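Just so we're on the same page, this note's numbering is the position in the sequence shown counted from 1, plus 63.
Treat the hints with care, since some could be wrong.
[Said to hold, decoys possible] Distance ranges between label pairs, derived from CB positions:
#1 E259 x G228: 15 to 25 Å
#2 T192 x E322: 40 to 50 Å
#3 K149 x G235: 25 to 35 Å
#4 A241 x N107: 17 to 27 Å
#5 E322 x N224: 39 to 49 Å
#6 G195 x K149: 10 to 20 Å
#7 T169 x K299: 35 to 45 Å
Hints were generated in silico from the structure; no laboratory data involved.
Source: prediction; values computed, not measured.
Virtual Cβ for every residue (Gly too), placed ideally from N, Cα, C.
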Amino acid sequence: MRQILTLVCLLITIVAISQPKKKLSARDSILVEYHFDSETPIFNPNPVFVFPKSSYGWTKSIDEKWLIKTNILPLYSLSTDRYKLKSNEAKVGLDNYQHMAFYQMTIDSNEFLIYVKQYQTGSYEFPLTKKGWKISNYFYFSIINKPEKTDSIQNLALDSNLYYGFTILDEGLFKDVAEKTYKNPWELISTNMKLEVSDRKLVVQLERKDQGQLRFLIYSIHPIFDDPVGIVSNWKIKNRGIYLDNTLKRLHYTILDKEWSATVLP
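Build the full structure now, drawing on both the sequences and the hints.
As structure tokens, then:
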């Protein structure tokens, strides 16, 4: 009896070995082969698009006037509140960036875009007395499939507030990074990359205005939970976040539409 069982097990093993290997889909290739025997990810150190350091950040004040800063979304306040607008908190605002760009990565024949942003937050060591203000550098990245085809910026209708939501395959947020981490983002990304599909979306909001202005915001968010990631502050009104809710009417960055890269979204 034992000999028969041994023979049966041996035959099953031979049959299994002789079966042709299942061809993995593109998605399975990402989620399975990456962990076992896929090719080494190829990261292009040259970004396909870098957001200009001369972008303007705009926030609509309590008294319905636009506040403006370079690369910073100003704090929500009265436009006449000079004390708040010159405070330590105003130095980081509702959001800011030192570096924001899209990079390209390839695994096997699969192409990806990596959104990278380095920004600063601040906090007081002694909040009650507002003493000991400290600045921290944050580094955020998210990976999405490279879109096959999207609309041209020039084809977007004026004053149309558009939301592009891309499934995030991986993302990471790191606190207290070195000031020049963004100079070599792959060093941090490659050691923390898992590539596991999540329910989160990388949201790119766009609105074309006349005279070539382009308003935009980029952040990660869950479709159900109010939890934006990759920004300094989740601005809330009546305990409800404003992101995904006509956001560009209240705050945004602006560049010229001709500065937006045709190789990125859209």
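Quick rundown of the hints versus the structure:
In this structure the supplied range 15 to 25 Å holds for E259 paired with G228, their Cβ-Cβ distance being about 18 Å. In this structure the hint that T192 and E322 lie 40 to 50 Å apart at CB holds, the actual value being about 43 Å. Checked against the hint of 25 to 35 Å, the pair K149 and G235 passes, with Cβ atoms roughly 34 Å apart. Under the hint 17 to 27 Å, the C-beta atoms of A241 and N107, about 22 Å apart, fit the expected range.
Our hint of 39 to 49 Å for E322 and N224 is violated, since their Cβ atoms are close to 19 Å apart. The supplied range of 10 to 20 Å is met by G195 and K149, whose beta-carbon atoms lie about 19 Å from each other. With their beta carbons about 39 Å apart, T169 and K299 fall inside the hinted range of 35 to 45 Å.
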